[in-house]
Amino acid sequence: MNRTEQFLPGVEKPSHDLKQLEDSWRHPRGILGWFSFTTHTAIGMRYIVTAFIFLLAGGIEALLVRFQLAQPNNTLLGPDGYNKMFTTHGTTMMFLFAVPMMEGMGIYLVPLMLGTRNVAFPRLNAFGYWMYLAGALFLYWGVFTNTAPDAGWFSYPPLAGPAFSPGKRIDFWCQMITWTEVSAMCVAAELIVTIFKMRAPGMSLNRIPLFCWSILVQSFMVIFAMPAVMDASSFLLADRTVGTHFVNPAEGGDPLLYQHVFWFFGHPEVYIIFIPALGFVSHIVSANSRREVFGYPAMVLSMVATGFIGFGLWVHHMFATGLPQIGEAYFTAASMMIAITSGVQIFCWIATLWTGRLRMTTSMHFVFGFIAIFVLGGLTGVILASVPINLQVHDTFFVVAHFHYVLIGGALFPLFGAFYHWFPKMTGRMMEEAVGKLNFWILFVGFNLTFFPMHILGLKGMTRRIYTYSPEMGWGPANLLAAVGACVIAAGGIVFLLNVFHSRKQGKIAGNDPWEADTLEWAAASPPENYNFEYLPVVSSRSPMWVAPADRAVVTGLRDDRREVLVTTLMDARPHHRFVLPGSSIWPLITAIAVTIGFAGSVFNAWYITYGSILTGLALIGWFWPRKPLELEP
Amino acid sequence: MKRRDVWGILFFALLGLNGCAGRQQSAVDPVGTQSAKIASLWWFFVAVLGAIFIAVMIFTLLALVRRHRGIEQEPIEPRHRPSEGTERKLTRIVAGATIGTVLVLFVLLVASISTGKAISEMGGKQNGMTIEVTGNQWWWHVRYANDDPRLILVTANEIHIPVGRPVMIRGMSNDVIHSFWVPNLNGKRDLIPSRITTEWIETDHPGGFRGQCAEFCGLQHAHMALWVVAEPKDKFKEWMERELEPSVPPSDPIKQRGQQVFLSNACAFCHSIRGTTAAGQVAPDLTHFGNRRTIAAGTLPNTKGNLGGWITDPQSVKPGNHMATIALNSTDLEPLLDYLESLK
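Chains F and B are the protein sequences, given in the same order.
Reminder that position 322 of the first sequence reads as 321 in numbering that gives the first Met the number 0, one-by-one numbering, no gaps.
Reminder that position 264 of the second sequence reads as 263 in numbering that gives the first Met the number 0, one-by-one numbering, no gaps.
There may be inaccurate statements among the hints.
[Unchecked claim] Pairwise CB distance ranges, derived in the manner of DEER restraints:
hint, chain 1, residue 1, chain 2, residue 2, range
1, F, D560, B, V64, 53 to 59 Å
2, F, T568, B, G84, 34 to 40 Å
3, B, D147, F, E471, 35 to 41 Å
[What the hints assert, rightly or not] From the derived model, a few chain F residues whose C-beta atoms are all more than 10 Å from chain B:
hint, residue
4, W33
5, M184
6, I441
7, V602
Derived from the structure by calculation, the hints contain no laboratory data.
Please read all numbers here as calculations on a predicted model, not as lab measurements.
Where is the CB? At the ideal position from N, CA and C, for every residue including glycine.
Just chain B, same shape as in the assembly (with noise of 0.2 Å):
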């Protein structure tokens, strides 16, 4: 354990706020390269600046100390005026305190520079990959960048990155402004329509790591989550491989007929499933909808159940969403769900 965790553990613990266990949202618990750095940064702003604060307080109270000590010696008259001397023991004083202050604020801009240059010139490596994140009310469309065209894939909500290999993510919105942000992976960057702009991520441990979004962005802010996946190369080749293939057609009569209830509702204008004619382009991709981890952005597991009550009343779960609620009777709900919980 290196020395900033425990000083981040002691920092948490102290106050007694420390969450559940495993990996949390944390901006201070850092997974990735750039993360690590910013971490280190903060701990040194940290110390320094906690040193300046201590110094101070105690500076302050002691006038308080000495007061009494004043009231004993001398009497109080409407007007104190202090010696020659002691004004200009206090010119030095006071002087020096300022040049201090602009050495301490040199070292700290020195410092944050040269952390902010190191991480722009990491994602400058040879094996770099690209991902398209735009922005939408409120979900996260997600496209891996690919020379050819057959490797294009597109997902939503979920982002798969190979351990050890830096990622751009490109940034973008459809609609307002938004702000990608995975704190255990590096700071956020904004996604603003009509612009594009760029950050690295880059990770060597494997694992799952929650983001969301940073910028208001309307009546669901509060629910527009995503996870950024973390697999040793392998095993990430192989979900790129599984995730372009069109999907899966149903296998029995039930997930058929499934099928057919969202070909046949409105389902269809919104969604895409490759593989079928569903291939609407304003909502998720659904593709390999049963392999993701969260329903409707991070809001909710992916259960069955979560997803019967979602597809029910998307406007209970996430007030204010753009998801049109489709009134369809049980016979209808059971086979659409086993069918989306199919796509694998």
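If we strip away everything but chain F, and leave its shape as in the complex, we get (with noise of 0.2 Å):
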């Protein structure tokens, strides 16, 4: 297998220790060994893997949901289990598989584009793993054990208060937010720094790949949403457990305060969770059109701008409370406005695929699929902005199909696209393009099936969250297609997966740039060796795979025997510093259990604050006690 990048073939460079930069970067062995690892390609690699497993396991709760409704007064699950699985599901789906998986993509392949070789901060980035992997296994503990969340992914107030939900279902729930929203802020904090001060020298604003764009805007948009919705769940969990009085209406409390803070993270999160996507579109287009995607800085402005309206449309969730007019009407305006900014990045992409010369890959079926998908959901959402429609369709099957239509067609399919279009570089070998095309297919006519109906049934009056209903309503048919096409998109997904663990091995060897694409993370190895780049990459095009050999440079003079890299300016990525990153460390999982043992413990006595807090600060001295290793000498 070729192991080697070529960015800069066959031109002598200054002679270096490739066997010492092999050294600096190696992952220890052992099984401690294995959970000290710090490099970005393997931290992403497990995101991206645990994530899949929760969409694995939020789509088996999908099913068993679409199977209860099959059918009028049907008994498989009953009331309890329903409100269980469909709790569990909107709650694995949005915090255990897509906001992770979108950051698992930018750690693995932020730093590839950008043409460095680890992100600014390893250590808390593997900590931010294992942060989102014990929350993960906490609320999946209690799935396991009778304790799922069974108020709703949104666990609104009174309902999941500590009156009307006894119990621990939903002290679960509020802690597993915890977790995961440290994660993600762990996350975003150093993807930004890596972005904005470790880019290739060249590299300015203005050359910055479309996906880097996506994961810097999602991730200033999670450092604002995020802590909302932890407030939101502390106000809840304080509520139920130290008897506070912040969203419980017995104590004096507001229950629309929390469902303003937790929407002023709820709307972004959606964009959160689709930006990273559009970025996965706009390369997959720009590789298979075989030319720049057309406007480059209205794209970039868009995606700013939707950061930006993100956050200025969250009472559309809120209509039927009750709204003065003049603040409804703010609400519309803001909510149809997204519609811009979507609409432009749409335009740019179909411009770039009438001037392309285009190749079908799987990716782009994908690509076609998501504009096809997207285009639908984003125009039902367009009607959900208008109040008066909103208040009919709110909490009805319509919505349902919304999000789904824009969730699953806005990220999902190109989130598939973007498997097929990067699973070469990670792994070394192509995936089967007819099974592939198959798969897209099956997927896309599952995925119709399934969701269209429900427009018609929302608008015929089927309310969300209800178990069951009666066979003189009329909605038997759809819910049975749906069940229907749910069946065909878990086909799809297994057709997925056959052909990940037949490509993983028998594959086709891929090469380092099986699609002549532009960006940087094709001049490395597939898949990349631990450092990346032999010699970190120059750039001066936004097209740096895409500029002749003769017009390129690397950098050189970087030390092997520790992991250095190179720090560049914000504005012009001119280079700065020569900085020298952490290496291998077993601390970050250490620290994450201490934590761990706090908040798993405070959900059942509140003395674990207390204890957890002392470990973790044990936990931290170890972290930072100094040492005098290689990376620390001039």
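Reconstruct the complex from the two isolated chains, following the hints.
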């Protein structure tokens, strides 16, 4: 297998010790060693695999929900089982699949695209992953011990409050939020710093790959949105466990306060999931149209604008609570405005497709599927922005149809496209294209079969979150169709998994740049070495891999005997100084375990906050204990 | 038949999903003044946005056709660079499409806000009446407000309104958040503890319209329905007068026995029957129970058989609901059912 990178082939470079470079980036051996990895490719892959497992879990829950509703008066799950399943489905998909998956793709791809060797804070990166894993396992511990949350993925008080949800179910949900949001904040911080300060020399702001822009916008949204959901869930948890009065109306608290704070996070959350997908689409389109995406400045500005506007429309989830007219008008206008920024991007991609020389790979199939589904979902979003219509279809299956069109069409289809596009980079082998196209068509048909009828169900008065309905309502046929569609989607998922397992071992060898794409990750070996690039590339264009080799350059002179990277300036990416990244470390895991003891215990006994803090303090002492390794020498 | 009705029928017929005949609970089968306005707005949005969707799809798919032409015409190099002229043309087209989007959205925004304004102004008419609806897990407490305390009426799960008269629903909740929604009449409005929300309904069509709770409210969210029955003015007046009366005293020994069963068991702790000593406040008022269409908040049709099943084992009909299971032998149950069904 070709394991050498090729940004500047055939040019004689100053000699250096490749063996030493390999040694300083080598992963430690053994089980303890495995828990100490800090390279972004390893951590990113762990995020991707873990999040994919939770996609499967969420999918199984969705199937159960669909089977329960497949016919009137069905008793498969019963009310309690149904409430737990739809709550766990929503919670899993939002917090344990979608956000971590996008973060994982960001962690994996961003340093490669920027032409650097790791993320800015490798140990924080590992800590973030362990926190995510702990939160996910905690929730699923609840799921398997009859303590799955049952008040919806939004857990509105007072239903989720102490009076109407006794027991520990909602506490598990609240605390799972805390873990995963700590994790998301870690990722956001390190990716922002990486994108701002660790770009290849010459990669000025106007040359940053569009996916990195999307991750930058997403990370800033995480930093402003995630604290809100942690506030909301902590209000609720404190009301439940220690009897505070934030959102419990029985104690003079305000349930609408919770809704405002929750949706101040909840709406941006959709864009946190969806914006990285826009990045995927741009890269797939550009590589397979063999031209740069049309309108780079417009694309970047639309993403940034989406990031801002995304924070101004949370109230459209709350129109039914009653708002003064002027407030309604403001939030309607803001909600419709988001269609402009999305529209600009769709227009730019279509312009790219029109003037490009298309190669219809599997990933391109997913892009076309994305455009069809996402545009329809976006247009029903415009419908939902209108207050009078919203009051009719809010909390009905019309909304369920809408957001599955936006999230599956807008995020999952691009994500599958991205899997097919970057799988060769991650594993060194191609996926089967013919199976991939079959995979696409199964998913596309299954998706529309499942979710299109839901628009009509909503208009015909079928409310969300009901565990059953009587035959006279006339909702049976469409629900049966949706159950069939859900099975087709599941079949598509199985085809994808088979393709992955087959291609991972038997796929065609990919080489560094199977798609002849334009960004720097295609210069690295497939799969990349731990250090990514033997010589860090220097960039002179937005499409560095399409620059003639004669016009390329690389950085020389970094030390090989430690994990050294180049820090560059924010605007123009001029070399600033060399920076030593920490190596492998077990302390992120130990710290995560200490925090986990505090978080998990506090659900049962408030004293665990104290115990957990002490343990975390001790772990941090270990983390920051002054050492005199190679990495701190001048 | 109005044009939008034709479109609506076509829309559903096309998809083969039209349910059984009669008034279904539906947002696109409006009978109310408010819901009719919303439905017009809906079809306007669907027409405009549907056209946009089709246009975008045509342009996207045309890219595929062009691709084949392109492949025939020129060899494929790793990187394709369209001419400056092409890029300038694209810029103009994309900018034009963006401006078009802004204009269309502005039109939709104006349409939406003016419909919203028209709906909210409908309530301000002179002859309005007020009905307080309080959400409970999982039934609706209904109180007809009146300045004259003798004319205040308390009932449950079934709301009668006069045709042609605007009615304000004042929404409240005793426990968790519920949402009042009768789609054929108007959009939904949340019922929130510690708050009062309002919405107006009005219809010119007599008939019964089903509604149901739209905000997830726990185990039996699925079985929290209600009926709004619109009646001509004189019929409504008659209904109101009858409902204001205390319950009819049981006429025969069997029903007297039934009343005794009701009053001597736990039933009376929770339910009220005016004219008797039963004065519980935490469950539906049963004074004129026999007139209602359904039992258990729209869960079952109000028949003697269903009522028997419901009283004997409420948890199998509506698992998790708050009605106590009371062990009654058949000699008690039969008279109780006769008595309750006689409460007309």
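For each hint, the structure was consulted:
no.: 1; hint: F:D560 <-> B:V64: 53 to 59 Å; verdict: holds, 57 Å
no.: 2; hint: F:T568 <-> B:G84: 34 to 40 Å; verdict: holds, 37 Å
no.: 3; hint: B:D147 <-> F:E471: 35 to 41 Å; verdict: holds, 39 Å
no.: 4; hint: W33; verdict: holds, 39 Å
no.: 5; hint: M184; verdict: holds, 29 Å
no.: 6; hint: I441; verdict: holds, 20 Å
no.: 7; hint: V602; verdict: holds, 22 Å
Violated hints: none; the structure is consistent with every hint.
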